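> Below, each chain spelled out in residue letters.
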Amino acid sequence: MDSRALKRLVPTDAVTLGMVRAGVCGFIVCEVLLTSFSDLSRLPVTLLRPTGAMQVLPWRFYDLLLTPAGMSTLKWLMVLSLLAATIGCFTTLTTKSSALLFLFYEGLLRSLSHFNHDEMPAVYILFVLALSPCGDAFSFDSWRSKTSPRRSGIIYGYPILLMRVLLAWSYFSSALIKMRVAGLGYFSPDNLPSLAIAHSLDNLHDTQFRYAFWLPYVHEYMPAFAALVLLWELSFPLAIFFRRARLIILTLGIFFHLGTLFFMNIFFPYHLAMYLVFVDWGRLRARIEAVVSRHRGLGSRIY
Amino acid sequence: MEPAKDTQPEDHYDLDERHWRARYTALTITLFLPLLLAFTMIRNVYPFAASTMMLGIRDVQSGRDYHVLRGETAGGETIDLPPIELTNALTGRNWGLVRAAVQNQSFNIRSPHPENLQLTADYGGLEKLPKAARLQELLRAWGGIYNSRLSDSSNQRLKSVRLDAYRWEGGINGEFDRFVESWTAVL
Numbered sequence: 001m002d003s004r005a006l007k008r009l010v011p012t013d014a015v016t017l018g019m020v021r022a023g024v025c026g027f028i029v030c031e032v033l034l035t036s037f038s039d040l041s042r043l044p045v046t047l048l049r050p051t052g053a054m055q056v057l058p059w060r061f062y063d064l065l066l067t068p069a070g071m072s073t074l075k076w077l078m079v080l081s082l083l084a085a086t087i088g089c090f091t092t093l094t095t096k097s098s099a100l101l102f103l104f105y106e107g108l109l110r111s112l113s114h115f116n117h118d119e120m121p122a123v124y125i126l127f128v129l130a131l132s133p134c135g136d137a138f139s140f141d142s143w144r145s146k147t148s149p150r151r152s153g154i155i156y157g158y159p160i161l162l163m164r165v166l167l168a169w170s171y172f173s174s175a176l177i178k179m180r181v182a183g184l185g186y187f188s189p190d191n192l193p194s195l196a197i198a199h200s201l202d203n204l205h206d207t208q209f210r211y212a213f214w215l216p217y218v219h220e221y222m223p224a225f226a227a228l229v230l231l232w233e234l235s236f237p238l239a240i241f242f243r244r245a246r247l248i249i250l251t252l253g254i255f256f257h258l259g260t261l262f263f264m265n266i267f268f269p270y271h272l273a274m275y276l277v278f279v280d281w282g283r284l285r286a287r288i289e290a291v292v293s294r295h296r297g298l299g300s301r302i303y
Numbered sequence: 001m002e003p004a005k006d007t008q009p010e011d012h013y014d015l016d017e018r019h020w021r022a023r024y025t026a027l028t029i030t031l032f033l034p035l036l037l038a039f040t041m042i043r044n045v046y047p048f049a050a051s052t053m054m055l056g057i058r059d060v061q062s063g064r065d066y067h068v069l070r071g072e073t074a075g076g077e078t079i080d081l082p083p084i085e086l087t088n089a090l091t092g093r094n095w096g097l098v099r100a101a102v103q104n105q106s107f108n109i110r111s112p113h114p115e116n117l118q119l120t121a122d123y124g125g126l127e128k129l130p131k132a133a134r135l136q137e138l139l140r141a142w143g144g145i146y147n148s149r150l151s152d153s154s155n156q157r158l159k160s161v162r163l164d165a166y167r168w169e170g171g172i173n174g175e176f177d178r179f180v181e182s183w184t185a186v187l
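Residue numbers (the numbering used here), protein chains in the order written: chain A, 1 to 303; chain B, 1 to 187.
Just chain A, with the same shape it has in the complex (with noise of 0.2 angstroms):
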C-alpha cells in the first residue's frame, strides 16, 4: 500500500501506535485485576472442553492449572505481563507474551462454555501489536534509550489500519452471518424480541434485566429495528475510510452495545474499548497540550 495513501486513512506516527498499545493493554490489565482466578480455579477440571487450539495441551497440564496456585500464578504472570506492556517496558518481549498469555486465558473461560466472540479482537489487536514497533514512542523503552522513531508511514500505520479491519470484520461478518443463517427470518416481527426473553429468563447472565418483555408489545417495529442493526453491522467497514462516518458509526455502536445489555443482557466490552483504535490519538494528545498551553499562557498573564 502507498504511504500517501495509507496517511489519508490513518495515524502513521509511532506516538498514536504507542497510545494504542497504552490503552489496549491498560484496559485488559485492568479486567484481569478485576477478575477472581482463585474462584475460577475452584470449578472441576472435568467440566472442562479444551476448544480449538487449546486441544493440543495435555489434561494433566490443566489438572494443574485449575487449582488456586496454578490459577494464581497465570494471573501474575499475566498481570506483570501487561503492565509492562502497558508503560512500553521491555515491549519487544512484553507485548508478545501478554499476546499469547491472552490468547490461552481466553481459550480457557472458552473450554468452559461457549465460543463467546466479545474479546476475539482483543486478541487478535494483541497480537498486531506484538508484531509492530509499537514501543517506539509513548513508552519507558523510548524514554530510557532516547533514540527517536523510524520514519512516518507504512510501519506505524499499517498496524492502525489492520486493527481497524479486524474491529470492522467482527461487525461486517456477524452480519453477513445472520443473513446466511437466519436469512429473512431474522427479521420477523418476533425473533428479536424471542432472543431477547430467552437471554432475560434465567439468573445466570451477569444482568438481570427485564425489558425484554416489553418487546413483544412493539413487536411490529421489530423487523425495521433489526434491518437497521443489520444495516449499521454491514456498514462498520465505512469507519476505516472516512472520519465523520466513524463518528456516528461508533456513536451507534455504544447505543447499540448498551440496548443489548438492558435488553438481552448481553454486554461486549471488550468491543467497545477496542473502538480506541479509531481514535487518533497523537492529534487528540496535541490539541490538548496546545489547550494546556493555552492556559497555562493566560494564567501567566493573569498573575
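FYI, nobody ran anything at the bench for these hints, they're computed from the structure. Careful: at least some of the hints might be erroneous.
To be verified - Derived DEER-like restraints, expressed as beta-carbon distance ranges:
| no. | chain 1 | residue 1 | chain 2 | residue 2 | range |
| --- | --- | --- | --- | --- | --- |
| 1 | B | E169 | A | V291 | 53 to 61 angstroms |
| 2 | A | H295 | B | G144 | 49 to 57 angstroms |
| 3 | B | E169 | A | Q55 | 35 to 43 angstroms |
| 4 | B | S151 | A | L184 | 36 to 44 angstroms |
| 5 | A | S293 | B | G144 | 51 to 59 angstroms |
| 6 | A | T147 | B | T28 | 22 to 30 angstroms |
| 7 | A | E289 | B | S62 | 53 to 61 angstroms |
Said to hold, decoys possible - With a Cα cut of at most 20 angstroms, we get these calculated SDA-like pairs of lysine to any residue:
| no. | chain 1 | residue 1 | chain 2 | residue 2 |
| --- | --- | --- | --- | --- |
| 8 | A | K7 | B | V102 |
| 9 | A | K7 | A | R287 |
| 10 | B | K128 | B | V102 |
| 11 | B | K131 | A | V45 |
| 12 | A | K96 | B | K131 |
| 13 | A | K96 | B | A26 |
| 14 | A | K7 | A | P133 |
| 15 | A | K7 | B | T25 |
The structure displayed is predicted, hence computed values, not measured ones. Yeah, the Cβ is synthetic: ideal placement off N, Cα and C, and Gly gets one too.
Please build the complex by placing chain B on the supplied structure of chain A, with the hints as guidance.
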C-alpha cells in the same frame, strides 16, 4: 575493485520498511485466512471466531429450557445465587457453563478428561450416563465459593445449592415458567 559504499540512511530506511512490509503481509494472511475460513464454514475454531452470537432463534414457537441457581441458607431462607457473583471470570459465559454441564458436553468431546472416561465406563457407556453427571460438583464449587466469603457462624452460609430448570413453552406470549426438574447439592 570498487571501494565499498557507506550505507546511506535512505537505504537503511528502505531496508527497514521492506522488512516491516514482509512482516505485516505475513501477519495479515495469518489472521485473515483462518478468519475467512471460519466465516465460510460458520464454525468457531479457537482462536478464530465466526461471530455467531445473536443469530436469532430458528423456531420462535419451539420451547426451550432455562435455569435458575438458588441456595438454601443455614437460616432456612432460599436465596437467588447469580453465578456472576461467584465466578466473575466467566463474564457472559456462566449460562453456557451450566448448559454444557446439564447436557454432559464434557463427555462428548474427542478426548474427555480421564475421570470422565472412568465415569462413563462405570455407567457402562455414554448412553447410560445420567443427565447432568458432573453438575453436583459445579454446584458444590459455587456453594463453596459463596461460603468462603462468610464467617463460620453466619446464618447466611449455604447448606445446599440448587439448580432449577424451567421451560419456556415458546412464542412471545407463551408460558414462561413451567417447572421441569431440579438438582440439589448438599454442602
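> Below or equal to 20 angstroms on CA atoms is what counts here, so check K131 (chain B) against V45 (chain A).
Given pair K131 (chain B), V45 (chain A) holds - Cα atoms ~18 angstroms apart, limit 20 angstroms.
> Within a Cα-Cα threshold of 20 angstroms, do K7 (chain A) and R287 (chain A) meet the stated pairing?
Holds - the C-alpha atoms of R287 (chain A) and K7 (chain A) are around 19 angstroms apart, at most 20 angstroms.
> Could you tell me whether the CB distance from T147 (chain A) to T28 (chain B) stays inside 22 to 30 angstroms?
At roughly 27 angstroms between Cβ atoms, T28 (chain B) and T147 (chain A) fall inside 22 to 30 angstroms, so the hint holds.
> Taking 20 angstroms as the top limit, are the C-alpha atoms of K96 (chain A) and A26 (chain B) close enough?
It holds: about 16 angstroms lies between the C-alpha atoms, which stays within 20 angstroms.
> Starting from K96 (chain A), check that the Cα of K131 (chain B) is at most 20 angstroms away, please.
violated (42 angstroms)
> Would the pair K7 (chain A) and V102 (chain B) pass a check requiring their Cα atoms to be no farther apart than 20 angstroms?
Outside the cut-off at roughly 53 angstroms; violated.
> Assess, step by step, whether the Cα of K7 (chain A) is no farther than 20 angstroms from the Cα of T25 (chain B), and give holds or violated.
holds (18 angstroms)
> Does the beta carbon distance between H295 (chain A) and G144 (chain B) stay inside 49 to 57 angstroms, or does it fall outside?
holds (56 angstroms)
> Does the Cβ-Cβ separation between S293 (chain A) and G144 (chain B) fall within 51 to 59 angstroms?
holds (57 angstroms)
> For K128 (chain B) and V102 (chain B), compute the direct alpha-carbon distance and say whether it is at most 20 angstroms.
Holds, because 15 angstroms separates the two Cα atoms, which is no more than 20 angstroms.
> Is it true that E169 (chain B) and Q55 (chain A) lie within 35 to 43 angstroms of each other by Cβ?
holds (38 angstroms)
> Is the gap between the beta carbons of E169 (chain B) and V291 (chain A) within 53 to 61 angstroms?
For E169 (chain B) and V291 (chain A) the Cβ distance comes to about 60 angstroms; the hint holds.
Taken one by one, the earlier hints fail for this structure at numbers 4, 8, 12, listed in ascending order.
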